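Listed in order, the protein sequences are those of chains A, B, C and D. Residue numbers for the first sequence follow the working numbering, beginning at 1 and rising by one. Residue numbers for the second sequence follow the working numbering, beginning at 248 and rising by one. Residue numbers for the third sequence follow the working numbering, beginning at 463 and rising by one. Residue numbers for the fourth sequence follow the working numbering, beginning at 531 and rising by one.
If you are wondering where the hints come from, they were derived from the structure by calculation, not from laboratory data. The structure displayed is predicted, hence computed values, not measured ones. Note that beta-carbon positions come from the ideal geometry of N, C-alpha and C, so glycine has one too. Fair warning: there could be bad hints in the mix.
[Stated by the list, open to error] No farther apart than 20 Å at their CA atoms in a straight line, the calculated lysine to any residue pairs in the SDA-like style are these:
1. C:505 with A:229
2. A:87 with C:505
3. B:416 with B:403
4. C:515 with B:459
[Said to hold, decoys possible] Coverage of chain D stretches by chain A, computed from C-beta distances (three or more under 8 Å per stretch; other residues unrestricted):
5. 703-710
6. 743-751
[Stated by the list, open to error] A short list of chain C residues far from chain A (calculated; beta carbon distances all over 12 Å):
7. 466
8. 503
9. 521
10. 522
11. 524
12. 526
13. 527
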Amino acid sequence: MWKWLHPYAEPQRAYQLAGKFIPWLSILATLMLLTGTIWGMVFSPTDYQQGDSYRIIFVHVPAASMSMSAYIGMAIAAFIGLVWQIKLADWMAASIAPVGAVITFIALVTGSTWGKPMWGTWWVWDARLTSELVLLFLYLGVISLYASFEDKVLAARAAGILAIVGVINIPIIKYSVDWWNSLHQGSIKMTGKTAMPPDMLVPLVINILGFGVMIAALSLVRFRAEILARNGMRPWVRELAQAEGVK
Amino acid sequence: MTAQSNPPLLSASHLTCIREERVLFDDLSFEINGGDIVQIEGPNGAGKTSLLRILAGLSRPYGGEVLFQEDPIVRCRDEFNEALLYLGHLAGVKSELTAEENLNFNLRISGYAQFDPREILARVNLTGFEDALAGHLSAGQHRRTALARLWHTDCKIWILDEPFTAIDKKGVAELEELFIAHANNGGCVILTTHQDMGIISDDRLRKIRLDYRFI
Amino acid sequence: MQAQFQSVADFFHMGGYAFYVWLSYGIAYGSLGILIGFCITRKSRVLKEIAAKVQREERLAQHRSNKQ
Amino acid sequence: MNRGISYTQAFFTLLQRDLKIAVRHRGDIFNPLLFFIIVVTLFPLGIGSEAKILSRVAPGIIWVAALLASMLSLERLFKADFVDGSLEQMLLSPQPLQLLVLSKVLAHWLLTGVPLIIVAPLLAVLLHMDSNAYPALIETLLLGTPVLSLLGAIGVALTVGLRKGGVLLSLLILPLYIPVLIFATGAIEFAATKQPYDGQLAIIAALLVGSLVLAPFAIGASLRVSTN
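Okay, chain A solo, but in the shape it has when bound (with noise of 0.2 Å):
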C-alpha cells in the first residue's frame, strides 16, 4: 500500500489532490447542513417535553459527537507521522487541531444555552459537558504546544505524541467523569435512550455527517495553507507565492 501511497506522499501531489477534492466537500457540506438544519428547525415534530427549545439539538449533538471522532483522526494521522515519518500525516494532523477546538467550543456554548431552559443555569456538571470541557483542554494543549516550537518539524512530532497520549486517555476520562457524574449528580442527561421520532432522527444524522464533511473540508484547507508554509523553500512553492502572493 506504501508503495501506491508514495506519489501522494509528495507534498506536492498532496497539495494538487486536495485542491480537487476540497470543491466537492464544500458543496456537499453545505448541502448537507443546510438540508438538516431547515429540516430540523421547520419540519421537525416539537417535543411534548421540551418545546421547542430542543431544536438547539441539530447543532451540539453533530458538535459534540464530531469533535470527539475529530481528535481521534487527529491522533491517527499524528500516529502514522510519528511511526512511518511522513510528514504530510504530520501537517495534517496540525490542520485539524483547531478546526476540532472549535467544534468542540461550539459542543460546550451550545450545550450550555441548552442547559439553561432545562435545567434553569448556565452550566451543569453534566458529564457531556465536563467531557466537552476536558476534551477542548486537550485541543488547546495540543494547539499551543505546536505553535511554542520554533521549528515546525519538530512541533508537529511534538504535538503529534501530546495527541497520541491524549487519545489513550480520552476513555478514560470519560469513563472517570461519567462514574463521577453518576455520583454527584443523580440523574442528569442531556438525551434520553428514549427512541427519536424519524422527524427529528434523520435531521439529526444528516447534520452529524454533514459536520463531519465540513471539517474534512476546513482541515483539507488549512492543510494546503501548511504544506505551503512548510515547503517555503522549495521552487514550487516560491513561483506560486510570486504569481499569487504579490499583489
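For chain A, the structure is supplied; the task is to place chains B, C and D on it using the hints.
Positioned in the frame of chain A, the structure of chains B, C and D alone reads:
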C-alpha cells in the same frame, strides 16, 4: 586512500537539514572509514553542530539518513550507541557532583564496570581535584572532566564538537596525539574546531566544508 | 412532512425559547464563519509571507554580488 | 560487546546519582512540600473553618494540592540535565532509554511523592477529615502519585527544550490527571462513609500499571524530540 573491503564505519547519505525554514545543507553525502580524522569546517551558522548531532543520531535529518556499517542508525540504535562517543558543546558534567563522581557516572552509564577513575583523571591532569565539586572547577578543568572518558573507551566513532574549547596548548597536543592513536587503531574521529591543530598534519586530516547558504 | 410553525414570526419566536435557540445557533454558525474565514485567508497570508521572504533573499543576494 | 554493566546496575547508577544531587540541592525536595502544605492551609482561610464543610472538601483539597505540587516539582525533572548536556549523553547511552527514564521518574517520586504521602495525614487532621478515611487517603496517594509523576514526565519531556514551558506544562498535563483525581477522591469519600472502595483503588492501580508500561515510551520519544 586504498580501496577497503570493510564497509565504511559511518556514512551520510543525501542528508538534508532544514532549520526554521532555512536550508543548512542539502543532499550531503560522504563516507567515513576507520582511520579517518575528519574536521567539519565552515563559518558560524553553517550547520556544523547540526551535522554532528545528525551524525550522532540526536537530531533527525529532514531528508536522507545516516548509516552505521551500512545499517540506518535509527534501526540499530543500541549497537550504534555502543560504538559512539559524542561530546557536545555542553559537557554533560554535573556541577553538584565531584570530578570523580562525574567520571564514574559517565562511564557506568556507558556500560563500563571496571575502571580506575583516579588513574583516568590523572591522564587529564586532574590529580588532586578528584573530590572537588565540578561547579568549583575552572572552565578548562570542567572541560577536561568531560574529556576524561576519551581515555577509557572502546568506542570506534568519536564525534566531538569543539573539543579544544578552554583547553591549553599542552592539553590540545595531548588530545591530538590521542586522536591519532585512536585513528591508527581503526577508529575514526569527527570534530569541529576553530583552533589550529599542530600535530595532526594536513594530509592526515580530512576536511568537509559547509558553507553558509543564503537560500 | 409539514412545517411546524404557522408563520414566520412564530418560527422566530421558537415557542418562547427564541433567545436560547437563536443564541446557540448564532454562536455556532458565527464561530464557524470566523473559522472558515481564517482557513480560507490563511493560504494567501502564507503565500504573502513566502513572497516577502523571496524578495528579502533576492535583495540579500544582490547585495552580496555588489560587494564582490 | 559487553562492558559489564547490567540493566539493573545502570538503573541504580542513575537513581543513585539523582538522589545524590537532590541531597546536595535540598531546596528541590522541600519547596514542593512547603507549597503543598501552604496551599492546603489556605483553604480553611478561604472557605471558613467550619469542621463540617472542611471534612466534606478535605479529600478534594488534599488531592488538588498534591496534583499542583507534583506538577510544580516535575518542571525540574529534566531541566538541569537538559541544560548541562547530560540528557544528550543519556539518549546516546547504550542502555535502553525507557529504563533510564523510569529511573529518573522513580528518583523524582521518591524525592517529592513520598514526603507528600508522609505529611498528608497531618494535613488531613487540619482539615478534620473523617478518621475512617485515613487508610484510603494513604492508599490512594501511594498508588496515585506515581501515576502523576509518570504522566507529568511526558509533559515535561515535551516542554523541556522550550523557554517558557511552565504555563504550557499545566495545560498539557492537568487534563491527564483528571481520572486519578476523580477515583482517588471518590475512594476517600467512600471510605469516609464506610462503603467499600476496593473498586476505585483497583482502577488507580490499573492506571499505575498502564502508565508504568506506556509512559516510558512516550517520555523517551518526547525527549528525542526535545533534544533534537
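Verification of the supplied hints:
Taking the CA atoms of residue 505 (chain C) and residue 229 (chain A), the gap is near 8 Å; set against the 20 Å cutoff, the hint holds. A threshold of 20 Å between alpha carbons decides the hint, and for residue 87 (chain A) with residue 505 (chain C) the separation of about 19 Å falls inside it, so the pair holds. At most 20 Å may separate the alpha-carbon atoms for a hinted pair to count; residue 416 (chain B) and residue 403 (chain B) exceed this at roughly 26 Å. Under the criterion of a C-alpha separation no larger than 20 Å, the hint pairing residue 515 (chain C) with residue 459 (chain B) is consistent with the structure, at around 17 Å.
Taking a C-beta to C-beta cut-off of 8 Å, the segment 703-710 of chain D contributes 5 residues in contact with chain A, enough for the three needed, and the coverage statement holds. Counting residues of the segment 743-751 of chain D whose beta carbon lies closer than 8 Å to any beta carbon of chain A gives 3, which meets the minimum of three for the stated coverage. Listed as a non-interface residue, residue 466 (chain C) fails to keep its Cβ farther than 12 Å from every Cβ of chain A; the least gap is roughly 6 Å. Interface exclusion of residue 503 (chain C) from chain A breaks down, the closest Cβ pair being 9 Å apart, not more than 12 Å.
Every CB of chain A lies more than 12 Å from the CB of residue 521 (chain C), the least distance being 14 Å, so the non-interface label holds. Look at residue 522 (chain C): its CB is around 14 Å from the nearest CB on chain A, clear of 12 Å, so calling it non-interface holds up. With a minimum CB-CB distance of about 16 Å to chain A, residue 524 (chain C) clears the 12 Å threshold, and the non-interface call stands. With a minimum CB-CB distance of about 18 Å to chain A, residue 526 (chain C) clears the 12 Å threshold, and the non-interface call stands.
No Cβ of chain A approaches the Cβ of residue 527 (chain C) within 12 Å, the least distance being about 19 Å, so the stated non-interface status holds.
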